[in-house]
Amino acid sequence: MLLVQAPVKETIELDHSIFLLKVHSPEITSIIKPGQFLNIRVTDKPYPLLRRPFSACDVDGKHLMLMFNVMGEGTSILAHKPKGAPVDILGPLGNGFNLDDDYDTAVVVGGGMGAAPFPFLQRELKGKKEILTFIGGRTHKDIITYGMENLHTATDDGSEGLKGNVIDLLNENLDVLKSKKIKIFACGPAPMFRGLKDFCHEHNVNCEVSTECAMACGFGLCQGCPIESAVDKGKYYLVCKDGPVFNINDVMI
Amino acid sequence: MLLVQAPVKETIELDHSIFLLKVHSPEITSIIKPGQFLNIRVTDKPYPLLRRPFSACDVDGKHLMLMFNVMGEGTSILAHKPKGAPVDILGPLGNGFNLDDDYDTAVVVGGGMGAAPFPFLQRELKGKKEILTFIGGRTHKDIITYGMENLHTATDDGSEGLKGNVIDLLNENLDVLKSKKIKIFACGPAPMFRGLKDFCHEHNVNCEVSTECAMACGFGLCQGCPIESAVDKGKYYLVCKDGPVFNINDVMI
Amino acid sequence: MSEVDLSVKIGSLELKNPVMLASGTVGYGNEISEFTDLNKLGGIVTKSLSLKPRKGNPPQRIVETPAGMLNAIGLANVGVEAFIKDKIPFLKQYDVPLICNIAASTVEEYVECVKILKDEEVIKAFEINVSCPNVNEGGLIFGNDVKSVARITELVRAETTKPLIIKLSPNVSKISDFAKAAKEGGADAVSAINTLVGTSFNIFTRKPKMHNITGGLSGPAIKPVALAQVLEISRSVDIPIIGIGGIMDWKDVVEFIIAGATAIQIGTLNFIDPSASGKIIKQLENYCLKMEFDKLTDLTASYNID
Amino acid sequence: MSEVDLSVKIGSLELKNPVMLASGTVGYGNEISEFTDLNKLGGIVTKSLSLKPRKGNPPQRIVETPAGMLNAIGLANVGVEAFIKDKIPFLKQYDVPLICNIAASTVEEYVECVKILKDEEVIKAFEINVSCPNVNEGGLIFGNDVKSVARITELVRAETTKPLIIKLSPNVSKISDFAKAAKEGGADAVSAINTLVGTSFNIFTRKPKMHNITGGLSGPAIKPVALAQVLEISRSVDIPIIGIGGIMDWKDVVEFIIAGATAIQIGTLNFIDPSASGKIIKQLENYCLKMEFDKLTDLTASYNID
Ligand SMILES: Cc1cc2nc3c(=O)[nH]c(=O)nc-3n(C[C@H](O)[C@H](O)[C@H](O)COP(=O)(O)OP(=O)(O)OC[C@H]3O[C@@H](n4cnc5c(N)ncnc54)[C@H](O)[C@@H]3O)c2cc1C
Ligand SMILES: Cc1cc2nc3c(=O)[nH]c(=O)nc-3n(C[C@H](O)[C@H](O)[C@H](O)COP(=O)(O)OP(=O)(O)OC[C@H]3O[C@@H](n4cnc5c(N)ncnc54)[C@H](O)[C@@H]3O)c2cc1C
Ligand SMILES: Cc1cc2nc3c(=O)[nH]c(=O)nc-3n(C[C@H](O)[C@H](O)[C@H](O)COP(=O)(O)O)c2cc1C
Ligand SMILES: Cc1cc2nc3c(=O)[nH]c(=O)nc-3n(C[C@H](O)[C@H](O)[C@H](O)COP(=O)(O)O)c2cc1C
Ligand code: FES
Ligand code: FES
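Chains as they are written, first to last, in the numbering used here: chain A, 959 to 1211; chain B, 959 to 1211; chain C, 84 to 389; chain D, 84 to 389.
These are calculated hints, taken from the structure and not from any lab test. Be a bit skeptical, because a hint or two may be false.
[As the list claims (entries may be wrong)] With a straight-line Cα cutoff of 27 Å, these simulated DSSO-like cross-link-like pairs (lysine-lysine) come out:
(1) C:Lys334 / D:Lys290
(2) A:Lys991 / A:Lys1199
(3) B:Lys1086 / B:Lys1020
(4) C:Lys290 / B:Lys1193
(5) C:Lys257 / D:Lys257
(6) A:Lys1199 / D:Lys138
(7) C:Lys230 / B:Lys1199
(8) C:Lys334 / B:Lys1191
(9) D:Lys263 / A:Lys1193
(10) A:Lys1099 / C:Lys373
(11) B:Lys1003 / D:Lys230
(12) B:Lys1191 / C:Lys170
(13) C:Lys257 / B:Lys1003
(14) D:Lys230 / D:Lys201
(15) C:Lys230 / D:Lys230
(16) A:Lys1003 / C:Lys334
(17) D:Lys257 / C:Lys230
(18) B:Lys1020 / A:Lys1039
(19) A:Lys1039 / B:Lys967
(20) D:Lys168 / D:Lys135
(21) C:Lys290 / D:Lys257
(22) B:Lys1199 / C:Lys135
(23) A:Lys1041 / B:Lys967
(24) D:Lys373 / D:Lys99
(25) A:Lys991 / A:Lys1139
(26) B:Lys1041 / A:Lys1041
(27) D:Lys198 / D:Lys230
(28) C:Lys257 / D:Lys362
(29) D:Lys290 / C:Lys373
(30) B:Lys1193 / C:Lys168
(31) A:Lys1039 / A:Lys1087
(32) D:Lys135 / A:Lys1039
(33) B:Lys1199 / A:Lys1039
(34) D:Lys365 / D:Lys175
(35) B:Lys1099 / B:Lys1121
(36) D:Lys263 / C:Lys290
(37) A:Lys1199 / D:Lys263
(38) A:Lys1003 / D:Lys334
(39) D:Lys201 / D:Lys257
(40) C:Lys168 / B:Lys1191
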């Protein structure tokens, strides 16, 4: 866990209000793992006050990439940092995905910005495992293709790929999926997680999800980021320390 | 009194942290008078919250100029507005100088940033009255020369002009001043005003000063900007409405 | 003709919409009228008036703070007599409910002020300021004592049939006790909140920045506190609430109404954008359309709390 | 060897410097120790401990506000037993005064907690939280009642000779009454302030953003209020004050000390810059040099108020 000032190398606008921010930070890239995140202070002023958490989207040598949607004040300040400006990064934070257990094919499932952590994950798995990617969004504008291998897509409005959600997309490809020893790595909105939970249950698939919630510190100081255990009712994990990655059966989503 | 969005035409850094900001605002330039000021909202965010007051430094056709020192958050945001960016301006505000009464020579006295309102004043008087300018500062770095006619200078450290303050400078030039029918227009820090008050009293000179104080609204809503009457004790004028320009004998300074 | 009914009622007083301008932030209406069409507003509240004119506190009266500001004006005002003579004629030209805010140092003085003002038919309601933090005698000492709030309310109530609003202090343990007292005293509504007591020092001179030492904190910084106090009153006392504190845009207004406010007042925002209130009214209507409320009153205290 | 004496005393407890880390903002010290050398700090205060472990409130627990944040953690903590077993061993490694903050639902529970903890010699003082706004039973109900604050103080005092600090609630009319009660009850110091009660609503779902409905407001937004309450205590009660609320840098620390604080605590800032406290201590020393104070204590309550 480090606190660094990483200079902006490049900022690419992938699509209206979706940005890919590349910063130079060898200290972080040398230790970070897929599924971990960073908590970023976008200003030294009292507004916006809190750091903003972002998944490690990709790592390219000494360069760390973040992919984000401009939601409000924090992300818009971040999107407009000039080249060379220092970005105040706290990280790597959280547990990250477990890439090493027993499967042949990594099935990546992302909804909207939920695609963010997967370019890094795919880079790590390339050559080691087969990768199938399933990305869903409201319209074609929300479909992230950056760094995705064997990409299948679905949109609510049918403007790209299958008309439907990403769970429908998985069901479309059920035969392929059934024919392999898979593990699902997923990130996206709550409804997607709920659909996925049923899917995994029905087909009894091993699945890890990267969760989100409002955070203050990002590393265990504030107790502000609880997620309830699905096993032991009323017990809370901390998304920032125990997560953000959980087995889909372990948490209430 | 108007509320306008005036685009930045040009920003010139006169000296380390002293800026000249030129905005396009025909609505305001057509009605503003020397000694009036503008209250500027530097951001639409809740920090910094309040508008920032600045004297009209100069007017050039449809262009309004502000001269300011970067003191803190507000002025630094203002100094870094890119060309074309809208500046949220409330004004013209306040009373302004009375240029029309009975004198032949306008004696301009400015301490540090107190020089700000005088380029505009001199532009207006040019041709109509003789102008003598006396500018003081801590060092040569604080001496504003922009738009000043017949400039005499003094610095505390002697790095430019007379070694001493601006009152010493006036006394140096007493014979010239005595030989003319003068009116003093002054703006600067409180100690300068106090010295000037004695000077005007001793030589019984007519003098108007442009005052400053913390403000919230800038146009009479909040009652936040009192200055005590020197005539009628315990009576307060509002700097933003009754001022910022007062006869030096009318207010406690 | 608007598709959404934005009108609200404060006792017998009908307002076109819930957006009023807060006491002390628009003087007596003259200056702000250059930026906001007063006729479009729900109401306008005067600077606190006292029996005799008040010069207010010596400078410095204003200090900016993170997302807020401190003020220690000291109730500078023209006094009731001059208000009637010099200020009412201007306000008479507009078709906007005028609410007279009154501050005093003694219970009798409150009553006296109302006596003098009550027959001015342009005055549609009274807002009693029992909560000004910036004068030694007045306000706050009452504002922190449930009994005096009840007593002031009763005596003023006896004096006038016009709608009576008690403006409460947030600097108390349980604001709903004060709202109860106001209700029992016969008030038609309560306003919440006035400013929070705050201070600030110059770290080099080690002097307080404000001559009055302490001042009242207002602006976005206090919005969460104001909302909590409005909610607390709403959940425990059945009386119309005028929500005040840190409103910067229409979203904040909606938040106050959801939390229990029948109407709201815009304060500090007037200094920052004197044209804001007009925009907010329009945006409030858009929100109601989008959310399919045909009357704004359906939104009042509509919080989903299970 | 520093040229300025930054040390301060809280009762019999000597601190290297006035900078402590506030309860609930650094857990039990582990995580923050990666960014701040605990040995350099004036002190560290634990998350509020309760007799039994507490799971805390369901999500959402955190909401950001203008220059502030709301939290409704609900005193999630490991409980006194697990604290001794699992947390003290780590803290033992450091030469920093450990202050145990205790929260409870009953007077007896406060006493019980102290009984269990008092013989741990690594614990150098107790801070009694009578002011947590985020649990129905505990804290706030005591915090708003002068008599219970006096009573809790007396009973805990009877239990331990270690320095006793009472952490006061700002959600009261007159905080100095509570400081008096604490002093009379035998407390060595008071901490001020805890968070202000606040709330926030989602304007589309019309639900409170926090499951607990209300939360505690902290951060720069509350600094002016905290300073005013520290000043009020300082002017009316002779007891060491630990100033807390919205500290973001060394200037804020100086402001609190001028206003009457003997020591200060850094809270929300730890989330934003976990390395801040170390820098602040250094800058505090520079300020003293510049202002020619050879002892920081000369600055305490040094406000020029004529
Ligand atoms: C572990 C983790 C990883 C994330 N990774 C990414 C990513 O890779 N790309 C991306 O675009 N977004 C990601 N997010 C969401 C991202 O943090 C928010 O979109 C961002 O904080 C919004 O800030 P803002 O100031 O622009 O928006 P605002 O709406 O102004 O933020 C207001 C407040 O709400 C909080 N907030 C708003 N949305 C979220 C959210 N979804 N999760 C947590 N807090 C939120 C903000 O932190 C802030 O406190 C992640 C969140 C978490 C918890
Ligand atoms: C009528 C008038 C005319 C002015 N004209 C000029 C000018 O032409 N050029 C120029 O450089 N400055 C001028 N000033 C001062 C200028 O307004 C302040 O320097 C500016 O507000 C500082 O803002 P900041 O956020 O950068 O500094 P900060 O220190 O961050 O401001 C903090 C707070 O203090 C207030 N403040 C700080 N200094 C002053 C001051 N001297 N007067 C009033 N309020 C202050 C700010 O408004 C803000 O609320 C004028 C002030 C007044 C009242
Ligand atoms: C400069 C200033 C002066 C005020 N004067 C008064 C007053 O005279 N009477 C009163 O009842 N409230 C007064 N208030 C309080 C406001 O009416 C309002 O209750 C408070 O500012 C909170 O709202 P806001 O955050 O929107 O400003 C004043 C507020 C400010 C900022
Ligand atoms: C997330 C969070 C949790 C807190 N938990 C506690 C607590 O358990 N016990 C306590 O006495 N104070 C608690 N506090 C209050 C702080 O100790 C401090 O009094 C308050 O936050 C004001 O200081 P600040 O503005 O610097 O944060 C908590 C504050 C925050 C932000
Ligand atoms: S965000 Fe602070 S503990 Fe998780
Ligand atoms: S600044 Fe508001 S009245 Fe002068």
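Status of each hint after checking the structure:
{"no.": "1", "hint": "C:Lys334 / D:Lys290", "in the structure": "holds, 14 Å"}
{"no.": "2", "hint": "A:Lys991 / A:Lys1199", "in the structure": "holds, 14 Å"}
{"no.": "3", "hint": "B:Lys1086 / B:Lys1020", "in the structure": "holds, 22 Å"}
{"no.": "4", "hint": "C:Lys290 / B:Lys1193", "in the structure": "holds, 24 Å"}
{"no.": "5", "hint": "C:Lys257 / D:Lys257", "in the structure": "holds, 12 Å"}
{"no.": "6", "hint": "A:Lys1199 / D:Lys138", "in the structure": "holds, 16 Å"}
{"no.": "7", "hint": "C:Lys230 / B:Lys1199", "in the structure": "violated, 41 Å"}
{"no.": "8", "hint": "C:Lys334 / B:Lys1191", "in the structure": "violated, 46 Å"}
{"no.": "9", "hint": "D:Lys263 / A:Lys1193", "in the structure": "violated, 40 Å"}
{"no.": "10", "hint": "A:Lys1099 / C:Lys373", "in the structure": "holds, 24 Å"}
{"no.": "11", "hint": "B:Lys1003 / D:Lys230", "in the structure": "violated, 44 Å"}
{"no.": "12", "hint": "B:Lys1191 / C:Lys170", "in the structure": "holds, 25 Å"}
{"no.": "13", "hint": "C:Lys257 / B:Lys1003", "in the structure": "violated, 32 Å"}
{"no.": "14", "hint": "D:Lys230 / D:Lys201", "in the structure": "holds, 24 Å"}
{"no.": "15", "hint": "C:Lys230 / D:Lys230", "in the structure": "holds, 21 Å"}
{"no.": "16", "hint": "A:Lys1003 / C:Lys334", "in the structure": "holds, 24 Å"}
{"no.": "17", "hint": "D:Lys257 / C:Lys230", "in the structure": "holds, 17 Å"}
{"no.": "18", "hint": "B:Lys1020 / A:Lys1039", "in the structure": "violated, 33 Å"}
{"no.": "19", "hint": "A:Lys1039 / B:Lys967", "in the structure": "holds, 23 Å"}
{"no.": "20", "hint": "D:Lys168 / D:Lys135", "in the structure": "holds, 14 Å"}
{"no.": "21", "hint": "C:Lys290 / D:Lys257", "in the structure": "holds, 23 Å"}
{"no.": "22", "hint": "B:Lys1199 / C:Lys135", "in the structure": "holds, 23 Å"}
{"no.": "23", "hint": "A:Lys1041 / B:Lys967", "in the structure": "holds, 24 Å"}
{"no.": "24", "hint": "D:Lys373 / D:Lys99", "in the structure": "holds, 20 Å"}
{"no.": "25", "hint": "A:Lys991 / A:Lys1139", "in the structure": "holds, 23 Å"}
{"no.": "26", "hint": "B:Lys1041 / A:Lys1041", "in the structure": "holds, 19 Å"}
{"no.": "27", "hint": "D:Lys198 / D:Lys230", "in the structure": "holds, 22 Å"}
{"no.": "28", "hint": "C:Lys257 / D:Lys362", "in the structure": "violated, 39 Å"}
{"no.": "29", "hint": "D:Lys290 / C:Lys373", "in the structure": "holds, 18 Å"}
{"no.": "30", "hint": "B:Lys1193 / C:Lys168", "in the structure": "holds, 20 Å"}
{"no.": "31", "hint": "A:Lys1039 / A:Lys1087", "in the structure": "violated, 37 Å"}
{"no.": "32", "hint": "D:Lys135 / A:Lys1039", "in the structure": "violated, 47 Å"}
{"no.": "33", "hint": "B:Lys1199 / A:Lys1039", "in the structure": "violated, 40 Å"}
{"no.": "34", "hint": "D:Lys365 / D:Lys175", "in the structure": "holds, 25 Å"}
{"no.": "35", "hint": "B:Lys1099 / B:Lys1121", "in the structure": "holds, 14 Å"}
{"no.": "36", "hint": "D:Lys263 / C:Lys290", "in the structure": "holds, 26 Å"}
{"no.": "37", "hint": "A:Lys1199 / D:Lys263", "in the structure": "violated, 42 Å"}
{"no.": "38", "hint": "A:Lys1003 / D:Lys334", "in the structure": "holds, 14 Å"}
{"no.": "39", "hint": "D:Lys201 / D:Lys257", "in the structure": "violated, 31 Å"}
{"no.": "40", "hint": "C:Lys168 / B:Lys1191", "in the structure": "holds, 25 Å"}
Checked against the numbered hints given earlier, the structure breaks hints 7, 8, 9, 11, 13, 18, 28, 31, 32, 33, 37, 39 and satisfies all the rest.
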